[in-house]
Structure formats: C-alpha cells, structure tokens
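Protein chains: 4
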Amino acid sequence: MTNTKKLAFASDYQQGAHPDILKRLSEINLQPHAGYGTDEISASAREKIRAACAAPEADVFFLAGGTQTNALIIGACLQSYQGVLAAETGHVSLHEAGAVELGGHKVMTLPQQEGKLSAETVRGAFRTFAEDENRDHMVMPGMVYLSQPTEYGTLYSLKELEEISRVTHAAGALLYVDGARLAYALGCPANDVTLADLARLCDAFYIGGTKCGALFGEAVVFPKKDTVPHFFTIIKQHGALLAKGFVTGLQFDVLFTDGLYEFCGRHAIAVADRIRDALSEKGYAFAIDSPTNQLFLLLDRAQEARLTEKIEMSFWERPDEDHVVMRIATCWATTEEEADALIALL
Amino acid sequence: MTNTKKLAFASDYQQGAHPDILKRLSEINLQPHAGYGTDEISASAREKIRAACAAPEADVFFLAGGTQTNALIIGACLQSYQGVLAAETGHVSLHEAGAVELGGHKVMTLPQQEGKLSAETVRGAFRTFAEDENRDHMVMPGMVYLSQPTEYGTLYSLKELEEISRVTHAAGALLYVDGARLAYALGCPANDVTLADLARLCDAFYIGGTKCGALFGEAVVFPKKDTVPHFFTIIKQHGALLAKGFVTGLQFDVLFTDGLYEFCGRHAIAVADRIRDALSEKGYAFAIDSPTNQLFLLLDRAQEARLTEKIEMSFWERPDEDHVVMRIATCWATTEEEADALIALL
Amino acid sequence: MTNTKKLAFASDYQQGAHPDILKRLSEINLQPHAGYGTDEISASAREKIRAACAAPEADVFFLAGGTQTNALIIGACLQSYQGVLAAETGHVSLHEAGAVELGGHKVMTLPQQEGKLSAETVRGAFRTFAEDENRDHMVMPGMVYLSQPTEYGTLYSLKELEEISRVTHAAGALLYVDGARLAYALGCPANDVTLADLARLCDAFYIGGTKCGALFGEAVVFPKKDTVPHFFTIIKQHGALLAKGFVTGLQFDVLFTDGLYEFCGRHAIAVADRIRDALSEKGYAFAIDSPTNQLFLLLDRAQEARLTEKIEMSFWERPDEDHVVMRIATCWATTEEEADALIALL
Amino acid sequence: MTNTKKLAFASDYQQGAHPDILKRLSEINLQPHAGYGTDEISASAREKIRAACAAPEADVFFLAGGTQTNALIIGACLQSYQGVLAAETGHVSLHEAGAVELGGHKVMTLPQQEGKLSAETVRGAFRTFAEDENRDHMVMPGMVYLSQPTEYGTLYSLKELEEISRVTHAAGALLYVDGARLAYALGCPANDVTLADLARLCDAFYIGGTKCGALFGEAVVFPKKDTVPHFFTIIKQHGALLAKGFVTGLQFDVLFTDGLYEFCGRHAIAVADRIRDALSEKGYAFAIDSPTNQLFLLLDRAQEARLTEKIEMSFWERPDEDHVVMRIATCWATTEEEADALIALL
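Chains L, C, F and U, in that order, are what the protein sequence lines are. Everything in the first sequence is counted per this note's numbering, starting at 12 for the first residue and increasing by one. Everything in the second sequence is counted per this note's numbering, starting at 12 for the first residue and increasing by one. Everything in the third sequence is counted per this note's numbering, starting at 12 for the first residue and increasing by one. Everything in the fourth sequence is counted per this note's numbering, starting at 12 for the first residue and increasing by one.
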C-alpha cells in the first residue's frame, strides 16, 4: 500500500493519466463511438503514429498492457517450433509469470551487459543453433527481443540497433523492441534512436503508454503492412480486445498531438538528471550508469535506513550483506517540488 | 464508423463512463497509488462488492474485458482434461474467437431456448457423459457456463438457477455465470436473482462493468476464498494484470457506492420499457420476448428500410428473405430525449 | 478385459501385426539403424508410399497413433485463429479427449449423414462464416476433416470427395482425410477412391497402420512438398518422434510391398461381406448400411442377450429402451474359422 | 544414415528389442487383447513393476517415448503458473524441441556439474523465488527434474537424491526423475539407488525401455496412487495412448521377468568398462568421468581422424579448435566381438 507520507519514487506507473487525456475523455465521454477500435478517434491516433514513425503503411493496434503486448506479438510472429532470444534480465524472461511459455514458446536467455544484448551475442546464438547437428531436436530462435530503454534504464545506440537488426535478419529471424518506457528514451539527450529508426530496423515494436502518460495502453506497430494477418482476431482470441477501443485510441491520439509523448519523456528525464546530479554530488554510488528515468542507487546500510524512512523506492537486489540496490523512478507526473524534497533528504 | 446523424442504439458499449467515475478519476489522478491492484481504492471496491454479494470471504479481482474474464475463469477452474458446457448461443461458444479453446478446453455446446439452458438439458449432458463407456476417451464436462442476462436479453429465474446449481454440483462440476450485462438484470423488475443469490449458487461469476457504466472493466467474484489459488499470478501470466490496477478498482468503487450500479441498470430498463411499449403499440413484432435492455425486432423489408435510415441498430440475423432481426440496445447513458426521438420515428 | 471364451469381434485393433512384419523385424532386429526415422528402411517405405500415391514429391512421416496424427496435422496446418470443420460424429469431435482443443483449435461440428459430410454442408459453413459481420470475432474455418471410411464404416465416393475438395479449396481452406481404416476402403469393391485420388484432392491424409496390419503406426502424407515446414521438429516438440523410427518405417515398408496393405483390407472386407450376408439372411437389422469392415447391428433385447453371450462386440448406442446398436468389426487377422463360428451362432 | 562398414557405437537406440521380447510378441501376436492397455499382459507388467519398486499402490502407465513422457508428467503435475527446475544440460532443457514450453510451462535452468544438480543449488533456487518480492509476477518452481543416469552418464548417489528429495518437498514441490537409461544405472556397480529408493523419494519417475532393451516404450511410475487423477485421459488427450497397449505392456512384462531389465544394464556396463579400461590404458582422455554406458572421449585432431574413420560415435562438442568430445555408447545389444573390434582399433 502506498504510504502517502513518503515521497513516491517507487515506479513510473503510480499516477493516472496526463491531464490532457482526462480532459479529452470528458469531452467525448457521452458521445457514441463505434466498437472495438473501429472508431474515428482510434483511426486518427493510428494516422498520427504512422506519421511519427514515418511508416505510412504500418499496422497499428492498441492493447492494454505490456505483458499482454509482449505475449501477443511474440506468439503471433513466431512459428510453433520457434523461441525468442532475450537478455536474461529481459522483462519477458523474468517478470511476466511465464506469459510467453503459456503461449507455447521458449524464452531463450542470453547473457547481457547493463540490460543490453550485444550484436555479437545475438550472432553467436544464431550460429550455435545453425551449427548444432541436433538443431532439428531443438527450439529454433525465430525472434530477438530487446527493450528500449532496457529494464536497467540503459539505451541501445542507433549503431548497436542497426547491427542487431542486421544480424537478426541475416539469420532469417525477426526483431522486436519492447518500448514500455519509450518516451523516456525519446526524451533523453543521450538517445539517438528515433521512432522512424525503430520502424526501419524492427519488424514489430510497441510504444508504451501505461508508464508514459496514459491511464493504460500500449500502441503496437508493425511497420510492414500485414506482418501478422488477422491480428485483430488474434487480439480477440487472447481476450485483449476492448469493446470501448476508443478509450485507448483517444489516449494515443492525445499523446501524439503536439509532441506530448516526447514532452512527457523530456520532463521525466530532466527531473531525473537533477536528482542524479544531486546524488553524485553528495557521493552516492550507482549500481548502473543509466541515462533515463530510472536511477539504481547502491546504498550501504546507513544510507538505506536514512533514505527509505522518507522516500518510497523499489527494492532491486541485495548484492552483499552490507549493500542494497534501490531504484528511484521519475515520470511525466513527477513535480519539481517532489524532486526538491527528495534532494533535500539526501 | 459511427454515423453521428443517426440515433445510436446499436450497442450498450458506445459511450465512455458514468460521469461520477470520470469525476473521481480526476480527483485522484495525480496522487500516487500502489501498483497491480494492491492500492487502497481497489481494496475498498473489493469490500463493497463483498458486502453487496453477502460474501465476506469472497475473492474479488478486476479484469479489463469480458472475453478475457471468461477465458481466465474457465481455464483456471477446469482441469486440463475438462470442458465447459454452454448454450450453443453462448458468448463463449460463438463470439470470442476461440478464446476458451486457445486455453486448451472444449466448449461443449447444448441446445437452448431463447438463450437459456434448462436444468434438464444440463442434467442430461452430465448423465450422457457418465454413462458412456468411452468417457475416458472423451472430454469431461467440468463446468456449466450461463450468462445473466443471456445474449438474447432473457433472464434465469431464481428457481431455474437453483435447479441448475443443484444439478451441476451433483455432477461434481462448477457453475459459472457471465454477468457482462448484470446491471440490466439487477435493474429489471422481472428479475428475482440477487448478487447474494449468485454468490450462494455459483462457484464464480463476474459483474460486468464495460457495458454497465464503466470505461472498461469486469469484477470477478469467487464467493469461496481460494477457489483458485494464485489467481493473481494466473492473471499476470495471461497478460491481464494492469499496472495501474487502481483505475479499474476505482470504477467499481464508484459503481458500488450508493447503489450506482443498480441505478444504471434501472435507468436503461426504464428507457427500454418505454421503447418496447411504443413498438408494441405500433404493431412491431419481436423475435424474442426479452425483459432487459436489448430488444430484438423482427422487421419486414419496408420497416427495415425506414428504421435503418435514421436509427443505428445491430444486425442480428435474417430468418428469411423478407425479414430481418435487428437489435436495439439501451444503456445507462441513453437519454430520455434519445428515446423520444426514437419513438417518434417508429 | 478380453474374455477369451467369446468370439472376438469387438474391434479391429485386438491382434498384433501381420506375420510378415514380425518376420522382417526379427531379421533386422540386431542390426544398427540410424535414429529418428533417418534410416534406410524408413526411406524405402517413404518411396513406396510416394509411388503408391503417385505423388513423387510427397512428404511422408510415420507416427504412432491416430489421435496423435490428427492433432499434429490439424495443429500444424491451421493458423492460430482457425478451427477445423468436422462431422459431429467425427473421431476428432468426440473420441480424442479434446486433443485438437488442447492444441488451441476449435472443432467446428457440422451435421452428417451416416458419418459423412456433404459438399453442400461444407459450402454452407464457409459461406455462413464469410457472410457474418462478426466474423473477425469468430473462429475462422481453416480446414475440413473427413474420415475414409467414416466412423460408421461408410465411404465417400470419388465424386463426393472431388466436390468437397473443390468447395474447401475455393474457400481458401485445406482438406484433410483421416485414413485410420484406409485399407478397408481400398480393399472394398464399393470404393472408387484411390491413394492417388487422395493425393490429388487432399492437402494431407494419413494411411492407417494400427488398425490395418501394423503393431502400431500411421503414415502421414502431405502430397505437396513443404506443406508444413519443419514438421520433423513439430513431431519432436509434441513428443511424437520415436528414437527407433525404423520400427515404424519397417512396418509400412512391409505393408507397401507386394500390395500387402490392400490385401489386408480385401481380406477383412470379404469376411465382413460373408457375415453381413448371413445376418441379412437371418433377418437381422442394420442401423447403418456400411460396406466396409464395421457392421452396425440393430438388436432387440432377445437378440442382444443371445449374441452377447458368445460374441464380443462393441456397444455403440441405445436408440430406445428396447434396442441396442452393437458393432461387429473384422480385420486383416479375422480367420474364416472365426467367421464360421460367428455365423453359426446367429 | 548408418554406415554399416563402421562399428556402431553412436547411440544406445540403434537396434530393435531384446530377442525375448520379439519371441513373446510372436507367441501372442494373433490372440485378441483388450485395447488401450486394459489387457492382461499390461496388468501383469504393472504388477511386476510395482513389486520391483516395492510400491504396491503405485500407478503405472506405459508410453511410447521419452520426450512424450517428460512432457506429459511435467505438464500433469504442475499447476498452470508453475515451471520445472532442471539442469541447463537436462534433456528437457535442450533436446526436446520445447515440448515442456508447448505445454505452457517454463523450464527454469540451473547450473550443473557433470550433468548433476546439487541439493544446494536446488535449495537456492527455491529460496530465491520465495524471497523475491515480485514472486507473484514470476514463474513458481513447482517441480525438480533430474535424470538418472544424467545426460553425461553420471549418477546421483542415494545420499544426493535423498537430500534433493528433502529440499524439494520442503519447498512444497515435486521430484521427478527421468530414467530414460535407468537400466544402465541399475546395472552399474557404482550405483546405490534402487527402484524402491526412487519410489520412496520421488513423486514420479519413468523406467526407460527404448534405450534399455525394448523396441520402444517407457514405464511411468507414480508411487502414490492418484498422484495425477485421470492420467489415462490426459494420455489420450495428448495423443499418447496406443490402441494396442498390450504391445508396450508386453515389453515391460518381459523386461521385468527374471531380472532381464537389470541384466541388460549390467551387460552394457560390463562392455563399457572393458572399453573404458582399454581407452585409459592407451592414454585417451575423457571429458567426463562417467561410470555408466556412455563414454565421453576428449580427442585431439589426429585421434579424431583415426577413430572416426572406423567407428561411428556421436559428436558432442568442440571445446576448442584442436579438440572434440565424442560419445561412445554401449547397450544391451553390444556384443563382446564388437567391443573387441573397437579396442583393437584404438
């Protein structure tokens, strides 16, 4: 239960939606809309996303949450005898309760560095499979799963993404990018990967709404038309089709109007930067060097006791008896006042 | 695409949420909440639902949509070798794109009358299975699926539900009621089945939000605690767990405050009654005698041409060359003015 | 438990293998063979089957049993959002314990006559789906399942099969024929459908071994090469790949040498014909007019009592209080002496 | 394709069945037997296995192959939200084409030593899960999978197995032992784990037939009655039920008569011992110190070239540019003459 007396930095999904979304929702609330995402607002949102991705032929769908989105895209893109390559720290590997396996596919985990896969690691996995004489008795890697930013807040550079894309496609596999926190990559000065780059390099990706300004919702983008035939029915079959699809469509329509999505990201990054600088100045150590909205503090027992008394953070891991890694997350809703209060407590 | 020039009576999921829900959402929008439904608003909603169901030990969960809810409950309650008995017109049989089968279970269809199963039909299905010498090579019926109101707007009486409950439990199976439109049963004068009756007679049911005043969302009720252990993880594994669970919880918290849920139902029924009376008076025929918010008109070609020009209805079926069945649905959001306008067009 | 004092006519899978198979097995028993069906005997069997089917490019695989074969072929040929059309009396509909649904697909049952689907019924099912405005919320029929002979011992004529093939392919679906008892069609004078016809008209079929002379085993035929890519791995993934694939291959190699497979069928049919004639002569009634190795007797209580005392038959159904339908099955192993003994008891 | 000019030491599943099995099969070949394993021979086999395991109440089932057996037992024992812990070298982890994942469950791989898990590793995995605050978003370990002997030919000692059993049950999970090559453990002087020990310490295990003297077949043992209700139907549903169950039953009836199963194991071990001694004497290196029927040779390029010219072995891995690991396997069918010939070539 959230303790309202503490400063709330535990995650980036604690508040509702950007006020512009609620405002628009109130305006159209009592008007009738066609069902299942066939409405005009959803059509408008799809067009705006296609434009932002420079992918005029893209198929765009709106889903409710990240695990659902990962499971549907991975399941729909893989053949029954294929699995998905992912970092051992990937969200699909660890924190989706086996959703990919429920769909019948193995998550084939690979070693990572600060949450990232290297092109070399990916190439090695494809080569190992291709050269194994028993490969017909094994799960074939059919897709590579990345997250941008990663679960550790790190970013793939454009060059890294281009290499992984090349390696993946050379192996006849598909590249999929989980963008649950994509606004916090797009809004980060260190980032050089645009939506148009993702559309050019990936076979599928999603633009996260839940953690980036929406009440809920993720926008699936298949840059090439008909990448997955009958995806609408697949969504329905998985229980993921909302009757009032206009509610999800509307949120992305607002987020992709006048650059609100990137604005949300830039705000959270600016606040995170201030907090990171203050932490560095006061001598705090970081477990990972993350440029986005998640900061991973390596605290000793004394620091832990002092900070957790006043600040709500997420427990990450305990590397040894004397230390703990805690995560601080900012988001579109974090105020400067909250950042000031946090900094004052350091 | 919704034609805004027509009167919108095509379905009961065309508008957003009851204004009280948006108001409450705006109030708490920027406050921090614990994730995944562990927040205080969701806890409050669960308590109110338990009270309304006179089931203080009930496990209550919030999901996003009806097909998702049906697939999760049916899959979680059945053993791997079991199937679910349902009317051949049941939503799970026809209009969920095979969601139950995706989970590995057969929907075992039974003949119905106006959308309803009889206790005798259900008893016969269990007996036929029990007496078949090949039953170990067959799918065992492990659950009975009903909807209240049914897909045809009809209602099970308390007596009918008690008999089906008895027959089902005598066979060692579970009873599950799909309440996608439950408000329109609860708000109907012809109904004698209360939430407490459902909690007493069923092993699981859901209280529909999407069609009954919410933006989206359904409340799953397992009257007996721990009917399905680890259902939280099952929800997550199926991609059905919303990070911002407080958004769904809040909607049911509002709907179960001061009787709003039943109020929504009563309003829609009163409007439907006015329309039904006007239709009868003007000599229109009904395909089914439904007491709830869905009216099934049997129109000849001339009537069809005249009405569909001005009124948006749902096509249901074409029983012969000269007739069509069209559905008119009212809901919590239908105004008296809209009803007047409709009646004026008849 | 088999009562050895009775005449054994309960089924066509009560004895082991045709003696030629055991003889050949003994000859090669201690020689080393490559694993998983990559051996030379299996290669030879595949060539013989391709020749018998006049399908030189066919992919041929050997599996262990009928339910396994049906589930694998149906699952491998359908897209995730598709189901299979089958007679409501089809083996996949009733007596495979939900194996197709376990794989995630709906068996979409259709009305039948004496176990057979008509082209008109199949065309109607495709048309109904195509014309339904809600079809994107429904299971798409992607395959038609037939059995030859049917579960009732009846046969599709070449003309009927050609029509169903045309209707199915016109709808963009696949045609699959379950040949669990195919020898008893091929060996039946009333039959005009050859293996080459099946290869020409179907997308997949299987040549049953278990009930037609083998210890166990079914030969899957995909007439067009690469109909299902990586089917070998799919077999492995389903646990259906035998390490000693040469044991299955050898059985089909023997059955397809010097016409043994059809010989087994002709023998069983000749014996069944003698029994059928004797039954007719003595005034017994038949529930179904079946020309193959299964006879469905409609017995009154007195006949039932008399016959079941000495003859082991299969219970089929009890159409009313005074009658029962019992099945007599002959097979490749039924001797003339057994037929004589049975006839003497009538 | 097997090259008959080479000595065949590539695997332990290259020959047919122990001659006693073919002899018995020929004797009963033309007698009628009840179907689906309900025959008297299968009943006798089950009784003999119960006696050998000192588990008079055990449920015993016969299946066709190892991957099938693993997938069925693991799937039937786990709850939908659970996964199975296994060594990263386990057969289920690597060489079953994702059969466990096809059933919806994650294989949760753990580090191993010479193919074995330690009790400490297993305890750690359970503890890590139990202590993770996100465990409700993760796959719960519900079973431990071991193989005896392991994929590397090594053996768990009784003490090791007792510890793993204790740790597993303390965590509320089940212990399952894959005995694909169990005869080669039981027949090995270094082994101190009996069938009765397995029945006492495990919740499920299987006695391998395919690699240990049978044509095909594995005997599943659930020491406690009704560990998995309706397992017969689960077998059918997975397409794993053979119509002529007596063929599998008979093989185990013969193998468990007069100690033939252990005799087969002892023979293979004695031959392997002779070969191992000769290899050691001539200075060959071993990659793993395996006491059973699989020998893992670490060969340099010259040795590789010389040996592979005359001896068929299995490629295992290439640890560096200059070396290769090749496997030699003996079995019940390996003759002293073949061993002599092999030794002469070293």
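Errors might be hidden in some of the hints.
Pairs involving identical chains hold if they fit within one copy or between any two copies, as the list cannot separate such chains.
[Unchecked claim] Only pairs whose alpha carbons sit at most 30 Å apart, straight line, appear in this in silico DSBU-like list of lysine-lysine:
{"hint": "1", "residue 1": "Lys-16", "residue 2": "Lys-59"}
{"hint": "2", "residue 1": "Lys-321", "residue 2": "Lys-59"}
{"hint": "3", "residue 1": "Lys-236", "residue 2": "Lys-34"}
{"hint": "4", "residue 1": "Lys-16", "residue 2": "Lys-293"}
For the record, the hints were derived by calculation from the structure and aren't laboratory data. In this text, all values refer to a predicted model and were calculated from it rather than measured experimentally.
Hints broken by the structure, by number, lowest first?
Violated: hints 2 and 3.
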